[in-house]
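Q: Okay, here's what each chain looks like letter by letter:
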Amino acid sequence: MSTNDAYYIPHKATWPIVGTAGLMIMLAGVANYLNGSSIGPTMIGIGFLLFVIMLGGWFALQSVESESGTYNHGVGISYRMGMMWFIFSEIMFFAVFFGTLWYTRNLSVPWLGGEGSNAATKELLWPSFEAVWPTNGPGKVGGEFEPMGAWGLPFINTLILLTSGVTCTWAHHGLLAQKRDQLIKGLIATVGLGFLFVAFQAIEYHEAYTDMGLTLGSGIYGSTFFMLTGFHGFHVCVGAIILSVVLFRSWKGHFKPENHFAFEAAAWYWHFVDVVWLGLFIFVYLM
Amino acid sequence: MSAVVAEHDDHHDDHHDHGPAKGILRWIITTNHKDIGTLYLMFALAMFFVGGSMALIIRAELFEPGLQFVDPQFFNSMTTMHALVMVFGAVMPAFVGLANWMIPMMIGAPDMALPRMNNMSFWLLVAGVLMLASTLFMEGGAPAGGWTLYPPLVLQTGKAFPFAVFSVHLLGISSIMGAINIIATILNMRAPAMTLMKMPLFVWTWLITGFLLIAIMPVFAGAVTMLLTDKFFDTSFFDAAGGGDPVLYQHIFWFFGHPEVYVMILPTFGVASTIIPVFARKPLFGYSSMVYATASIAFLSFIVWAHHMFTVGMPLAGELYFMYATMLIAIPTGVKVFNWTATMWKGSMTFETPMLFSIAFVVLFTMGGFTGLMMSVAPVDFQYHDTYFIVAHFHYTLVPASIFILMAAGYYWLPKWTGHMYNEKIGQLHFWLSTISVNILFFPQHFLGLAGMPRRIPDYAVQFADWNMISSIGAFIFGISQLLFLYIVIDTIRGGTGEKVSDEVWEDAHKHGLEWTLPSPVPYHTFTTPPTEIPTEHI
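In the order they appear, the protein sequences are chains X and Z. Its first residue numbered 1, the first sequence is counted upward by one per residue in my numbering. Its first residue numbered 1, the second sequence is counted upward by one per residue in my numbering.
Hint data in this document are derived by calculation from the structure and do not stem from the laboratory. Nothing here was measured: the structure is a model prediction, and the numbers come from that model. Hints are supplied without guarantee of correctness; some may be wrong.
[Claimed, not checked] Result set (DSSO-like, lysine-lysine): computed pairs, CA atoms no more than 27 angstroms apart in a straight line:
no.	chain 1	residue 1	chain 2	residue 2
1	Z	Lys-282	Z	Lys-198
2	X	Lys-122	Z	Lys-231
3	X	Lys-140	Z	Lys-198
4	Z	Lys-22	Z	Lys-198
5	Z	Lys-511	Z	Lys-198
6	X	Lys-252	X	Lys-179
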């Protein structure tokens with residue numbers, strides 16, 4: 001606990017408005033781009049730049065304040081609660097796509113195949129459709145495709161992510177035992193494995209698009225496959241970038257056994273990403 | 001420690017300067033919960049008039065059968081935008097504004113737990129609403145498929161479509177940030193003596209609402225993301241040809257949408273439970289049952305969503321399950337109405353404007369609740385579905401409930417915020433005009449719905465003409481009456497009646513809540529050291 005026992009209330013925050021402007025310009029840019037307007041990419045660039053500047057500035061400010069002992073125990077609890085509830089919101093976001101997968105596999109696709117009270121619908125609309133998973137629907141949307149197997153790259157990726165969870169915890173033990181060497185080595189391994197995962201995922205996507213005919217447009221199978229794994233891959237990237245920042249701060253000598261919220265938050269996020277992958281491996285690849 | 005010199009303004013100022021920044025910058029970079037609360041409330045009030053103007057365009061068009069003022073596409077844009085602006089721009093921000101202002105003062109905290117994020121959640125709200133409003137000026141018009149954004153209809157929206165989707169994302173991020181902040185404040189910043197079961201009910205309802213928001217806003221974000229990829233990136237989530245299902249969107253939307261309507265009503269319950277005991281001069285009847293009822297309603301809100309979709313062609317088992325589950329909500333809601341009534345029973349009641357609005361809320365919300373119970377019966381809903389009956393139902397639960405309680409909250413706390421007393425005569429005039437006109441406006445819509453008039457249609461058969469005309473007259477009286485509220489707010493800020501208000505403002509209010517132990521107007525910073533004693537009359 002810090003010697004400072006008053007709850008720290010910051011004043012005059014300049015980064016939030018920068019971040020808001022960045023986010024708004026970036027999203028308006030994407031919308032313009034999707035509408036075919038030529039100003040889109042420029043807006044995306046400006047917005048993204050502002051957003052990155054905000055992230056850099058805001059996190060630098062927080063780490064300076066943290067290291068100078070500005071935060072006491074109470075502030076630390078608020079940060080931890082903030083991170084936990086943020087991860088809860090992320091769980092709900094992934095739940096939507098897992099729910100979509102469940103609904104289409106178990107309800108809507110069988111209904112299209114005539115299950116329940118839908119026999120007449122099937123006969124009238126798509127008499128030749130057989131409701132088996134994987135499917136791109138009765139319209140054969142996106143053409144012939146080959147589904148992604150579980151035991152190649154995806155299984156290797158599972159091992160990679162599980163190992164990275166272990167190295168992350170090993171780094172945490174190093175931090176707690178004040179073995180800075182172990183902390184830094186553990187983090188390097190975690191970040192490395194994270195980016196290796198992303199690289200393998202990129203190879204897998206490349207194979208899907210070029211050799212297997214499997215694209216985002218391959219009916220409901222392609223939609224759910226790429227949306228779930230894509231959002232997860234994006235989260236792995238974010239997590240690995242967060243861990244890189246934590247690694248940089250560790251290398252600069254930041255964090256103490258009793259004060260290392262940034263490390264904890266990054267580690268929680270990483271384990272969350274890990275658990276989502278296990279869900280994906282089971283429900284998207286295996287079943 | 002690796003000492004780094006703190007040069008940034010953010011850091012440099014905080015030990016010397018505790019007052020607000022100068023000029024307009026004060027509002028842009030503020031981290032003060034009272035400033036941010038004011039921003040939220042002012043923004044919500046502005047959006048209330050924007051959304052209200054859209055409603056008046058709708059009612060003007062429906063004054064008589066035939067097409068008078070606007071073309072059908074624009075009419076449909078108005079119904080869609082009116083709903084989105086009122087839900088995401090007016091009611092939700094108003095309650096977040098009240099939470100910002102009142103929760104730290106009610107629990108004895110110096111500020112919100114995460115003040116910088118508090119600032120960002122407000123500005124993201126503005127960004128989201130601006131992006132939504134910009135769609136009004138785009139090729140193809142604003143979204144016109146209803147606020148539920150059902151595919152495939154919504155996929156026919158013009159240039160506005162991706163902007164509408166991203167505005168939902170911005171509003172979602174804003175709400176999640178606001179909710180996280182409120183939960184962290186309530187769980188972490190209470191004065192030592194303020195145990196959970198001594199918290200004012202407004203704080204309790206917001207704790208539970210915060211949980212709802214964090215659980216549902218990502219769901220809505222996911223749903224609109226799938227709409228976006230279906231339109232622009234060839235996915236087939238809501239397209240049966242590719243194995244998807246448009247009904248899936250409805251399930252996801254209402255999994256968000258039903259808790260969402262409780263996001264607007266639970267804080268309403270909280271404010272009503274705060275105001276009624278003060279003017280009945282009694283403790284709240286059944287404090288703990290109020291807490292449990294709120295939690296039960298929140299839980300039930302997650303397992304009843306498909307009662308919005310009875311006519312979509314669900315399996316019979318689904319219809320039955322969602323029908324019975326929905327009926328259960330009447331039980332905790334009934335507990336609440338009973339408790340408010342019992343609080344007033346044999347109380348020494350006085351009828352200042354906040355109390356008048358609160359009593360009207362109890363009566364009129366109950367009517368909205370009863371029509372909800374009628375529609376929970378699946379076979380009966382087949383007749384009511386998509387008619388003006390549902391329009392009457394949810395407007396009764398939102399206008400004379402959420403909006404009335406927001407008015408009550410304004411009258412109740414304005415003297416505390418500003419240090420000035422509002423004009424009671426004009427306040428009561430505002431109340432009576434609002435209460436009478438809101439019933440002229442919405443009660444006839446029950447008859448129209450039962451007679452079969454569909455919603456979201458700019459024209460109608462002549463047999464509906466009389467009640468529509470009456471409803472439109474009520475709408476214009478109601479709309480114009482709200483200008484009185486605007487006048488009162490400005491007048492009170494600028495001095496009001498000139499009467500010096502005491503710290504407790506309302507008789508014995510300091511026994512009911514910590515905020516009334518503070519000076520009026522409240523200083524810029526309050527409870528920098530936590531209070532040692534807390535009032536308990538509210539429990």
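Q: Compare the structure with each hint and give your call.
A: Status of the hints after comparison with the structure:
1. Z/Lys-282 with Z/Lys-198: 16 angstroms, holds
2. X/Lys-122 with Z/Lys-231: It holds: about 26 angstroms lies between the C-alpha atoms, which stays within 27 angstroms.
3. X/Lys-140 with Z/Lys-198: 61 angstroms, violated
4. Z/Lys-22 with Z/Lys-198: 38 angstroms, violated
5. Z/Lys-511 with Z/Lys-198: Holds. Z/Lys-511 to Z/Lys-198 sits at ~13 angstroms (cutoff 27 angstroms).
6. X/Lys-252 with X/Lys-179: Roughly 14 angstroms between the alpha carbons, so the hint for X/Lys-252 and X/Lys-179 holds.
Of the numbered hints given earlier, the model fails hints 3, 4; all others are met.
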